[in-house]
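**Student:** So you can see what is in the structure, the chains are spelled out below.
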Amino acid sequence: MLAAGEAANPWFSWEYVQDNRGDLEQALVDHVLLTVETVLVAMLIAFPLAVLSYRYRWLAGPVLGVTGVLYTIPSLALFAFIAPMDAFGLTRRTVLFGLVIYALLVLVRNTLTGLQGVPPDVREAAAGMGYGRTRMLWQVEVPVALPSIMAGVRVATVSTVALVTVGVVVGYGGLGGLILRGFQNNTYKAEIMTASLLTVALGLAFDVLLAGATRLMTPWARRRS
Amino acid sequence: MSLAAVVPVPMSTLGDAIVWLNDPLNYEGKTGVPYLTYEHLYISGFAVFFAALVALPLALVLGHLGRGGGFTVVVSNVSRAIPTLALLTIFASTAIGFGNRATIIALALFAIPALLTNAYVGVREVDPDVVEAARGMGMSGSAVLLRVELPLAVPLIAAGFRTASVQVVATATLAALVGGGGLGRIITDGFGQQDRPQILAGGFLVALLALAFSFGPVGHADRYLPAGQPEPADTP
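Sequence lines, in order, name chains U and H.
First residue of the first sequence: 16, per the numbering used here; consecutive thereafter.
First residue of the second sequence: 82, per the numbering used here; consecutive thereafter.
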């Protein structure tokens, strides 16, 4: 029920979408770029860590322990640690750095689990055929571990899409910026809801896309089932 | 946006943060550390409690009937894509109004998947022979659920509580962005006032609380349970 003189403030409004197309597109692009950069950088760090932990077993405990502790720190607190540093401040870098730290645990854990799951006879067969360490890793172990690695990438990507919104605290939150702007702007419900739904849709779209990519990358897994 | 204004950099931010943590003024009244910690914990406690009120009966019944496995998987996958900030903002913008009540409802919704998945898996993974034996002894469906499946599912239900509590305590920090209370206030007020030492001090307090929950007695609650429990279902 509307009080007299109160403007309508619906949760869903196509008019809002049309009037703010530019803002929505900009926020969406920012959101996508932050997510993709985060997952790429995190994978560049996580993959070597996982391979090292796989080759040198004593490393696995400390690596998983440290990334696990970092993962436990709430996102807002993590940004609170990074932002006061001179090199970061209220920049996009701060958000990126924080999000990369978050994505590490899932990526390292899934990559390591995948590598450890390579059956010993497969490895022995490859060694018997004269595969060296590097060729074994790229042509045997990584392909076999791929489903587990990609499962990690999916979880990390979807979680990152959701977490980007918290970046709003340092001014770079993608769609989160619109969510908070809507809230501060006399609770502009259409803005809050549209940006929220776009974020969820983006996460699910990434998930479906990566699931499809996994299928394409592992044709042998399809035949088996 | 006020939060995004550029803050000048004092060289001794770390030292000033320690000064902030030692200032008795920051421990007084409704904006003091003790009250905000208490507020943070009661918001989290109520959220997990209400989430359990919804999730546990649902999970037990679904697990008992052996239905809804796909449903629980979908719930936990979709929930990962929903930003908590969005959930908090949406509830803070309803007639409930911003404040702790809206926060509790939003966080309760957020806590449901971990509780639901774990309790469901817990009931499903009870040895079918044991259930068969109970039925053979003439136990009714509800007796099987309450006196056989529920007790055997306790380790996983506890694991679900642990995961949910750790997640909720960590996420409750975000409530401060939309007018809620708790320790997040120190950080968001710090960003708002461009006060780097306070931002750092707030980050330290929030991280400490989250780590205490994850690695303290709550995080290891399953240590006090009977041995031989299955691995908890992971919902990060």
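Honestly, the hints are just simulated from the structure, not real lab data.
Keep in mind that the hints are not guaranteed to be accurate.
[Said to hold, decoys possible] Looking from chain H toward chain U, a few residues come up when the C-beta cut is under 7 Å (computed):
1. V100
2. T170
3. A251
Even glycine gets a Cβ: it sits at the ideal position worked out from N, Cα and C.
**Student:** For every hint, state whether the structure bears it out.
**Tutor:** These are the hints, each one checked on the structure:
{"no.": "1", "hint": "V100", "in the structure": "violated (14 Å)"}
{"no.": "2", "hint": "T170", "in the structure": "holds (5 Å)"}
{"no.": "3", "hint": "A251", "in the structure": "holds (4 Å)"}
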